[in-house]
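Asks: Listed below, chain by chain, are the residues.
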Amino acid sequence: MGAETSSNPPGWRERLSGRVDGSLLALCVGSLAVVVGGGLVQVSFGAFSMTVAEAWRAVFDPNVLFDIDAWEAFLLGGTVPEMDERSLIVWNIRLPRVFVAGFVGTNLAVSGAIFQAVTRNELASPFVLGVSSGAGLSVLLTLVVFSGLTTFLPVVASVGGAAAFLLVYAIAWQNGTSPVRLVLAGVIVGTVFSSLQTALFFFADDIAVVQSAIAWTTGSLTGTDWEQVRMALPWTVVTTSLALVGARQLNVLLLGEQTASSLGMSVERVRFALSGVAVLAAAASIAVAGIVGFVGLIVPHVVRNVVGSDYRKLVVGCVFAGPALMVAADVGARLALSPVQIPVGIVTGLIGGPYFLYLMRRQEQVGEI
Amino acid sequence: MSGDDPTTLRGEELVFSYPTGDGPVVDGESITAEAGAVTALVGPNGSGKSTLLEGLADQLPSDSGSVLLDGRAVQSYDEKELARTMGLLSQESTAPDSISVEELVFHGRYPHRGFFEGTTTEDERAVDRAIELAGCGQIRDREVGSLSGGQRQLAWIAMVLAQDTDVLLLDEPTTFLDLHHQLEVIEIVETLREESDVTVVVVLHDIEQAARLADKVVALDDGVVRARGQPDAVVTEELLAEVFQVDATVESTPRGPRIEPLRARHAGDETADRGHSGGERDRLDEPATHTGGD
Chain A
1 MGAETSSNPP GWRERLSGRV DGSLLALCVG SLAVVVGGGL VQVSFGAFSM
51 TVAEAWRAVF DPNVLFDIDA WEAFLLGGTV PEMDERSLIV WNIRLPRVFV
101 AGFVGTNLAV SGAIFQAVTR NELASPFVLG VSSGAGLSVL LTLVVFSGLT
151 TFLPVVASVG GAAAFLLVYA IAWQNGTSPV RLVLAGVIVG TVFSSLQTAL
201 FFFADDIAVV QSAIAWTTGS LTGTDWEQVR MALPWTVVTT SLALVGARQL
251 NVLLLGEQTA SSLGMSVERV RFALSGVAVL AAAASIAVAG IVGFVGLIVP
301 HVVRNVVGSD YRKLVVGCVF AGPALMVAAD VGARLALSPV QIPVGIVTGL
351 IGGPYFLYLM RRQEQVGEI
Chain B
1 MSGDDPTTLR GEELVFSYPT GDGPVVDGES ITAEAGAVTA LVGPNGSGKS
51 TLLEGLADQL PSDSGSVLLD GRAVQSYDEK ELARTMGLLS QESTAPDSIS
101 VEELVFHGRY PHRGFFEGTT TEDERAVDRA IELAGCGQIR DREVGSLSGG
151 QRQLAWIAMV LAQDTDVLLL DEPTTFLDLH HQLEVIEIVE TLREESDVTV
201 VVVLHDIEQA ARLADKVVAL DDGVVRARGQ PDAVVTEELL AEVFQVDATV
251 ESTPRGPRIE PLRARHAGDE TADRGHSGGE RDRLDEPATH TGGD
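Order-wise, the sequence lines are chains A and B.
In terms of my numbering, the first sequence opens at residue 1 and continues consecutively.
In terms of my numbering, the second sequence opens at residue 1 and continues consecutively.
Among the hints, a few may not be true.
[Said to hold, decoys possible] What follows is a list of derived Cβ distance ranges for each label pair:
1. A:Gly-176 / B:Thr-120: 29 to 39 Å
2. A:Leu-335 / B:Glu-122: 53 to 63 Å
3. B:Thr-175 / A:Arg-181: 22 to 32 Å
4. B:Ala-241 / A:Val-180: 39 to 49 Å
5. B:Ala-35 / A:Arg-269: 24 to 34 Å
6. A:Arg-269 / B:Glu-122: 53 to 63 Å
Hints in this document: simulated from the structure, not taken from any laboratory.
These numbers come from a predicted model, not from an experiment.
Each residue gets a CB set at the ideal place from its N, CA and C atoms; glycine is no exception.
Next up, chain A with everything else stripped away, as it sits in the complex (with noise of 0.2 Å):
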């Protein structure tokens, strides 16, 4: 800031690109950084233990690194050529966590983001719409009601979010709708749901049903393989795109309805179509990993710290820290409790309580954008 003392100040668009390069370049670089030390050391340690050279060589093997035939196993499914054992641990089991866990966090903090903006709320969280309680619900009727389902499950899960979003968004709108509706809406159901959705553990009567429901409901990473990268990517790319385009809708959604309407903005519209795109990339994140809490409350929170509010900025920030963040909390879940894996959304909630406790006690005003 105190750079600005030329004598001959420069025009708006190099003072803009400028503050662009400064922090939000550093928080990019800080991002990317996380990700490849946490990836490194995901694909060094586990059960079948290599050095740390070792794992590096399997990553740049050239072998499966230049091989079409590979990747096109990897992207578009089948069968996996032959490689060495360490390759194939690394290249077939070990790197897709780290990308599917980079999906998921770019996923929930863009999806945050979004939520954010769209309640002009900086509590508010991927699942604040009743997403969470809906793909909740409906991975426990699948597991213990209808079990015929339970291959589709990533689907049904993802379904039950957005329906559940649906069903909150009819239940606020009268005459249209408003941040604090869409919120209480979000509560109602949200309570309803994780009544009924607590209520049917009740009828899990194995052990292992309960077992893949909480990992379900807290959010796991475990045995995700190129399947779900496959899964993620796309609708990675499709929501990230959007939330991009998007930025400037935010940006004036942020001045309140009125300011935003009276700028010619359609206001109901551009807020159901932005909700969308954050369903979207919610329940993306949910099909392959579950109900993976506060990375999408945080991340845009650590981000707006960094960047401030304008909305260009803070996708981009988001599409980097969050699966800085996720591909962290995958290495403590991974390998805190060695051999034992536990569900990454314990790590997310024990790192997010603390940050919370921090800010509350550094910030006076949590809250509001």
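Once you have looked at the hints, place chain B on chain A.
Replies: Only chain B this time, still in chain A's reference frame:
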């Protein structure tokens, strides 16, 4: 600013009510904002002046009646087209603390930009013009959160000015501001009146300010227009007594009417003398003595 001919804004037989209220807030009123002139809406709290303004801005659905902008119903305008023709500075203005004044003013260009379009040199010129007119040059790069209330209001006014509209609606732009910033705002509106064709409708709390600023004053009470016309003709002792419930002397000066408020009027004052109102006070005291015995 833009457009060759100044634009007229007309509301006809407007009825507005809020879903939660019992009766209409504005009941069948017509109002014309003359092209290129400043029209001030005055009235006591709850008289419906802000409601009427919001209604004129097409921000509140009317129960009946119509709003005509340039002879065309506002509903027939596309949302962005309307926002390019008519701007509204509302009382509910909140911006994130961390955006700069300049970024805020650039939001005023929203209706001029397509979904995927970036800013053009035309946008930059309009923003520069608006910032200069609103006198925000000094605070251009400051964060909105670091500004005083008065500076913030000027930044918001700059944003509405950047919208580059033919009609400008201002909802209590001077309320809660210190004297200096009140005068800044007043001077912006005076500049608009003298140097541009912009049609201005402004809601003001301060009747003296309204009289000084406006070509035409419209006084509202309880959703009904009680008087309209030249400031001198509207701002009278009778109007202050009837509409604002104050006894005041109004003195005509070259700078417009000067008001010296004397006392607030109470219910029954019109028909009763002081002795009677004293008796009324006694009656009001009675319940207090009753409860005192408990």
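Asks: Each hint needs a verdict: does it hold in this structure or not?
Replies: A quick look at each hint next to the structure:
1. A beta carbon spacing of about 32 Å between A:Gly-176 and B:Thr-120 agrees with the range 29 to 39 Å that was offered as a hint.
2. Separated by about 57 Å at the C-beta atoms, A:Leu-335 and B:Glu-122 satisfy the suggested range of 53 to 63 Å.
3. In this structure the supplied range 22 to 32 Å holds for B:Thr-175 paired with A:Arg-181, their Cβ-Cβ distance being about 28 Å.
4. Hint check: B:Ala-241 to A:Val-180, Cβ distance near 41 Å, so the stated range 39 to 49 Å holds.
5. Hint check: B:Ala-35 to A:Arg-269, Cβ distance near 32 Å, so the stated range 24 to 34 Å holds.
6. In this structure the hint that A:Arg-269 and B:Glu-122 lie 53 to 63 Å apart at CB is violated, the actual value being about 26 Å.
In this structure, only the earlier hint numbered 6 is contradicted, and the remaining ones agree with it.
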